[in-house]
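Sequence order for the protein chains is A and B.
Numbering of the first sequence is given in the numbering used here, commencing with residue 364 and proceeding in unit increments.
Numbering of the second sequence is given in the numbering used here, commencing with residue 364 and proceeding in unit increments.
Hints in this document: simulated from the structure, not taken from any laboratory.
Just so we're clear, the structure is a prediction, and the values are computed from it rather than from any experiment.
Some clues are possibly wrong.
Note that the list lumps identical chains together, so a pair holds whenever it fits in one copy or between two copies.
Claimed, not checked - Within a straight-line C-alpha distance of at most 30 Å, the following computed BS3-like cross-link-like pairs (lysine-lysine) qualify:
(1) Lys410 <-> Lys548
(2) Lys523 <-> Lys538
(3) Lys548 <-> Lys431
(4) Lys548 <-> Lys523
(5) Lys538 <-> Lys473
(6) Lys410 <-> Lys515
There are 2 protein chains.
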Amino acid sequence: MNNNLLIVISGPSGAGKGTVIEALLKQIPELTFSVSATTRPPRPSEKEGSDYFFISKDQFEAWIEQQKFLEYAVVHGHYYGTLRHFVLEKLAEKKEIILDVDVQGGARIKQEFPDAVFIFLVSSTFHELKTRLINRRTENEAAIQERIEDAKEELRQMGKYDYIVVNEVLEETIKDMLAIIRAEKCRTTRKLREVQCALSAC
Amino acid sequence: MNNNLLIVISGPSGAGKGTVIEALLKQIPELTFSVSATTRPPRPSEKEGSDYFFISKDQFEAWIEQQKFLEYAVVHGHYYGTLRHFVLEKLAEKKEIILDVDVQGGARIKQEFPDAVFIFLVSSTFHELKTRLINRRTENEAAIQERIEDAKEELRQMGKYDYIVVNEVLEETIKDMLAIIRAEKCRTTRKLREVQCALSAC
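For reference, chain A alone in the conformation it holds in the complex (with noise of 0.2 Å):
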């Protein structure tokens, strides 16, 4: 029987997930970040085990081989990835654990953990989203196919995820993240599994 959440945040860069999870782990203790995988050399401000784990690129792919990621990706030249075991361990501790992803490792872990709540963080791109729709009669034929080809392609990311959250300002962004964890903690396929546990004797 295991109800604590895991959260998964995706989002263009720019969005914010960075400062958005940083806010979050300092409101709520029982939250811990999936520190993930990398081969990208740590920057001076960095820390091992905290930021991320460093590691090199053979013992990267031993580890994919080994499936040891839940989901991994390549970014400029480095891999990144979200260890199995580490999520694991959190859940069985009873943590919630917030994971930083893109929309191909969401899709992922979405197979192996079907119930995680999936947030998608934009910025202003949401709003700028809607005024090139909604503007789009006053280009040419060419320009506006673009726009709507790109906005379609946006707009089938997000449709993946549970919620959209737009960060303009910061502080209601945390009050509707703190409200989204707080209210799946009611979602009844949740409450109900704490019964339907004793009903079955698990």
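The hints should help you fit chain B onto chain A, whose structure is shown.
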């Protein structure tokens, strides 16, 4: 484009629905209570149009014929019904609306408003249910079976709702309700509707 919420709250009598709804109405200015029609005579404290619309049995039955009710029920020999035009008017005025109906009523409302937010409020019942099930081995076989059947029926009812809120400490219950309302406004289906409207120029 109508993104304000229709909130349906159900639960056994004694769960505290009235108190919870009253507290919510105070805290959320844009929230309106769906005033039902009834054939029950008014109590001294009750006001026409604010607690109920008090109407005759003939009137109620005529309105049933005219499909003026989203749902109706008979309780202790009196009719109670949710007025379709009342709900639609409030939604058109961009108000959030909260309905207090039984589970049969909830099911009917779900048919017309699949996007509504369905909350099941329970008091200690929920924990008693667990305790009952957990302790079932200490009882005789017939009693055990009866309790399991009762519990299964309760679970079936609750299972149709989006959220289960356990009302033990009113203040926490209100926080749960406010979180659900805030989180639901971030639901992808609702957020995307705004953009998709722009996309299809609706």
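Here's how the hints hold up against the structure:
Taking the closest pair of Cα atoms, lysine 410 and lysine 548 never come within 30 Å of each other, the shortest separation being 32 Å inside a single copy and 37 Å across copies. For a Cα distance limit of 30 Å, the shortest separation of lysine 523 from lysine 538 qualifies both inside one copy, at 22 Å, and across copies, at 28 Å. Taking the shortest Cα distances, lysine 548 and lysine 431 sit within 30 Å of each other inside one copy (29 Å), while across copies they are farther apart (37 Å). For a Cα distance limit of 30 Å, the shortest separation of lysine 548 from lysine 523 qualifies both inside one copy, at 20 Å, and across copies, at 17 Å.
For a Cα distance limit of 30 Å, the shortest separation of lysine 538 from lysine 473 qualifies both inside one copy, at 25 Å, and across copies, at 29 Å. In this assembly of identical chains, lysine 410 and lysine 515 lie within 30 Å of each other by CA distance neither inside one copy nor across copies; the values are 39 Å within and 51 Å between.
Against the hints set out earlier in the document, violations occur for numbers 1, 6.
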